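**Q** Using the sequences and the hints given, assemble the complete structure.
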Amino acid sequence: MKRPAKANGRVAYLNARLLDPESRLDAAGALLTEGTRIADFGPQLFAEGLPDGIEAVDCGGRCLAPGLVDMRVQLREPGEEHKETIESASLAAAAGGVTSMVALPNTEPIVDDVAGVEYIARRAREVKLVKVYTYGSVTRRLEGTEIIEIGLLTEFGALGFTDGTKAVASASVMSRALSYAKTFDRPIIQHPEEPSLASGVMNAGELATRLGLTGIPDIAEVMMLERDLRLVEMTGGRYHAAHLSCAKSVEAIRTAKARGLPVTCETAPHYFTLNETAVGDYRTFAKVSPPLRSEADRAAIAEAVADGTIDVIASDHSPHDADSKRLPFAMADFGVVGLESLLPLTLELAHKGAVGLLDALARVTCAPARVLGLEAGRLARGAPADLILFDPDKPRMLDPDAFRSKSKNSPFEGHPVQGEVLRTVVDGRVIFEA
Amino acid sequence: MSANGEQSGAFGFPHRHLLGIEGLSPLEIGFLLSLSQDYADRNDRGSGRSALLEGRTVINLFFENSTRTRTSFELAGKRLGADVINMQVGWSSIKKGETLIDTAMTLNAMHPDVLVVRHPDSGAVSLLSQKVDCAVINAGDGSHEHPTQALLDALTIIRRRGALKDLTIAICGDISHSRVARSNIHLLTTMGARVRAIAPPTLMPRAIERLGVEPHFDMRKGLADCDIVMMLRLQTERMQGSFVPSIREYFRFFGLDKEKLLAAKPDALIMHPGPMNRGVEIDSEIADDIDRSLIREQVEMGVVVRMACLDTLTRHLRPDVAPVGAAAS
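Taken in sequence, the protein lines are chains S and W.
Residue numbering for the first sequence follows the working numbering, beginning at 1 and increasing consecutively.
Residue numbering for the second sequence follows the working numbering, beginning at 1001 and increasing consecutively.
Because the hints were derived from the structure by calculation, they are not lab data.
No experiment lies behind these values; they were computed from the predicted model shown.
The beta-carbon is built from N, C-alpha and C at its ideal position, and this holds for glycine as well.
One or more of the hints may lead you astray.
[Stated by the list, open to error] Which residues of chain W face chain S? A few of them, derived with a C-beta cut under 7 Å, are:
1. 1042
2. 1121
3. 1122
4. 1124
5. 1142
6. 1143
7. 1201
8. 1202
9. 1205
**A** Encoded structure:
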């Protein structure tokens, strides 16, 4: 399956539907990679035949697009390799069409120093599948009190700073982090949730009352978000809100963007695909943080993805082994795996007509690349040849047992989707073929 | 319908387990109550013992301390001739790593006929029931359900008032954390009673009106014209500061005393699932008033209701007795 790219090997992708969300290109044509880069592409390329010495790939009219950039992934390595490793996550990413992914720093040890960033980079080079980046934590040991060496970690390649699945709860620490990171033009990525209101295990409301489970109200999310937006206004620092789950948060972001604040945000596919009823009879695979919300919230998130209020869709890939999930609901861990369902669930929005295909793809390619300042997520001459070839219409059922991820904790078992990745290319190398 | 299986006609409880009241139909609840009534009558006649479950094994699996409920199930099983084994699993050993599933698998290998399970987490009994081959009775899971308590409460009321329909029943206290409240709300509303929930706002769960009850934050208004007053136990850990400011403040506004009880109907009856915190949620004088308090009778009905549940859930093991309906619960 893995084929090394010849040093300056040239591969021509012929008879493709070229999709570039950034330039809004959607046309039949061809694309040429040379070594690790995109050399040329367009409707007219090779219209008069393919010169000798170029390997040809007939795309059969299928879509050729930039590889996905997943800006929220938990790798579990180092520390919890029984749940996932950089290698297994990379295999999952490749199969899911993700060519760049960014790891949360909440491993053991925590990525709060230069050595942590170097470790991830070295392991990614060894595994050599997709591009693996990492965030640094905002605070030392994720304790929420002292900020880490943001400048040094930036020099070593940390793309942003976040306390992962924990909110930076202290307003003064958040304020300092935002103003300090601004110097290095790095975003602070927040898990927006007021901890003192978030001791529950599912969305607060009728269902939680019926099930006798403690609830987390949507207000826990929006009040932290609104606090942070005030701090952004004061400091001018770049802020990215992770995995928004509710209508109130969408409203807060809409207002902040209208006022011109340097704010971006993201959601995950489960927040526009499922609502709290997925918890049903205590299904721990539907236990996520923040929790799945009401149907009105789900609809508001889908709408915000469509109108661009939500910039990015990230998988929020959170692998957990069976022992962490086959427990009474309150004791089970939060999170779902998502690398291998990110593309089809995102395409579902386009299939439903809620959003155009290019806009849907933008949320998982050029938009996250822009937030992180990554050279990725677009078709451009000279850009890295990080590509996916996919069939957007192929109907199938999601089957977590077939996932490459070590963990199978997905609430989407048997979920009907359309869309399948046929080939994933990173730096000109084919790393996955269906 | 008689308990030893001489009845004819369709079997009225087509479920494998008794995990909760929510979702049961009035007919299914009626079936369990009428069978319980049979057992109560037989007890009154002094013919309460039987060999119905001879050679059968009932395991009481309790992950939480309980004397009353466990003893009640034990007695019910023994009166029916079953071998009853009590297993008290310390919470600490669960935390140490033996998972609920491991425990379920181990017990399943011993081939019990009925598992009676109490667990401090909502949904834990349902989870366990998916991993075993025998019938499971939920003896209380977290803040979720305690179905046999609701059945015994209903039977107690029916024996005094004839029926549940159109009675006004107030459930007072820590509704948020109470499995007794939830099971009672489901049962009483299903059977046509008017149910009110009375609690301070900090102990009233969200959207409680969606369960078909009327929420009240003023106890006198909530008790107005009630036929039955059900008090709930306030757990010690919730008494000071976190949910209510103090015991004395709670008792002042939500404790049942003579004066507040005046708002209810003059012949209103008082219930409590026990164990009572005298002077916290209920005044001793009322708790001990034999004309008003049904508390002792509730305990008595507990045994017959549990006999009826054990009988019902083991009928598929006695094919000569009655056909089993759809096996799903």
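**Q** If a hint holds in the structure, say so; if it doesn't, say that too.
**A** Hint by hint, here is what the structure shows:
no.: 1; hint: 1042; verdict: 34 Å, violated
no.: 2; hint: 1121; verdict: 3 Å, holds
no.: 3; hint: 1122; verdict: 4 Å, holds
no.: 4; hint: 1124; verdict: 4 Å, holds
no.: 5; hint: 1142; verdict: 5 Å, holds
no.: 6; hint: 1143; verdict: 3 Å, holds
no.: 7; hint: 1201; verdict: 14 Å, violated
no.: 8; hint: 1202; verdict: 13 Å, violated
no.: 9; hint: 1205; verdict: 4 Å, holds
In summary, the structure is inconsistent with hints 1, 7 and 8 from the numbered list given earlier, while agreeing with the others.
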